[in-house]
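Asks: Chain residues, written in single-letter form:
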Amino acid sequence: DTGVSQDPRHKITKRGQNVTFRCDPISEHNRLYWYRQTLGQGPEFLTYFQNEAQLEKSRLLSDRFSAERPKGSFSTLEIQRTEQGDSAMYLCASSRGLAGPQGEQYFGPGTRLTVT
Amino acid sequence: GNSVTQMEGPVTLSEEAFLTINCTYTATGYPSLFWYVQYPGEGLQLLLKATKADDKGSNKGFEATYRKETTSFHLEKGSVQVSDSAVYFCALIFSGANSKLTFGKGITLSVRP
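Each protein sequence line maps, in turn, to chains A and B. Read in order, the letters of the first sequence correspond to residues 5 to 120 in my numbering. Read in order, the letters of the second sequence correspond to residues 4 to 116 in my numbering.
Treat the hints with care, since some could be wrong.
Derived pair list, reagent style DSSO-like, types lysine-lysine, alpha-carbon separation capped at 30 Å [to be verified]: (1) A:K18 with B:K59; (2) B:K59 with B:K71; (3) B:K108 with B:K80; (4) B:K63 with B:K80; (5) B:K71 with B:K108; (6) A:K61 with B:K55; (7) B:K55 with B:K108; (8) A:K15 with A:K75; (9) A:K61 with B:K63; (10) A:K15 with B:K63; (11) A:K61 with A:K18; (12) A:K75 with A:K61.
Sample of chain B residues facing chain A (criterion: CB under 7 Å; computed from the structure) [as the list claims (entries may be wrong)]: (13) L49; (14) G109; (15) L112; (16) R115.
No lab work stands behind these hints, which were simulated from the structure alone. Values in this document were obtained by computation on a predicted structure and should not be read as measured data. Idealized CB from N, CA, C, for every residue including glycine.
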């Protein structure tokens with residue numbers, strides 16, 4: 005396993021700009037998750053894919069956020085018209101497609117977004 | 004909804020001290036329980052897990068027992084090392100369609116030499 009990778013690791017942007025993050029999961033994992041972590045808090049679920057299908061979106065994911073996973077491999081998370089409140093660490097995780105609790109999630113290093 | 008509550012931090016200990024980090028959960032049903040650790044500059048790593056009541060998860064000298072009666076999953080280590088300094092997160096998950104993790108706020112542990 006080469007692990008979950010995320011790019012970029014850091015992003016500084018001005019308010020109102022659009023940003024896009026990429027996540028490459030572990031190659032044989034068909035589930036991919038996005039979480040957001042703000043300072044002093046635990047990660048919060050944003051959305052999840054089974055292969056290329058986006059199966060659930062949190063209410064935290066406003067309509068300025070969109071995620072895709074074309075071909076069921078890598079995923080992108082785009083934030084349009086960024087706001088200062090979007091500043092956070094965006095985490096990606098992947099797991100094997102087991103329905104039960106044994107499908108351990110492996111996390112990437114995260115992308116830290118700072119909106120100025 | 005489901006939630007995880009961790010004791011307030013940060014925690015500072017001397018090397019070789021005993022560690023307990025409390026975690027309780029609120030959930031309808033019986034989730035699986037996890038401890039994740041985040042070392043400085045690194046991503047979240049699974050430390051240990053327990054999938055049913057009375058199960059004990061263990062790894063790297065850390066242990067936690069799934070207590071259904073008290074809805075708790077407290078993390079313990081008999082003798083901490085400086086290298087254990089990290090942020091520790093308790094989390095739960097239900098089997099099913101989405102299997103999303105619900106995390107506590109995390110607690111920072113600093114171990115002094």
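Asks: Take the hints in turn and mark each one as holding or not.
Replies: Verification of the supplied hints:
no.	hint	verdict
1	A:K18 with B:K59	violated (48 Å)
2	B:K59 with B:K71	holds (12 Å)
3	B:K108 with B:K80	holds (20 Å)
4	B:K63 with B:K80	holds (9 Å)
5	B:K71 with B:K108	holds (21 Å)
6	A:K61 with B:K55	holds (28 Å)
7	B:K55 with B:K108	holds (23 Å)
8	A:K15 with A:K75	holds (26 Å)
9	A:K61 with B:K63	violated (35 Å)
10	A:K15 with B:K63	violated (34 Å)
11	A:K61 with A:K18	holds (26 Å)
12	A:K75 with A:K61	holds (19 Å)
13	L49	holds (6 Å)
14	G109	holds (5 Å)
15	L112	violated (15 Å)
16	R115	violated (22 Å)
Hint violations for this structure: numbers 1, 9, 10, 15, 16, all remaining hints satisfied.
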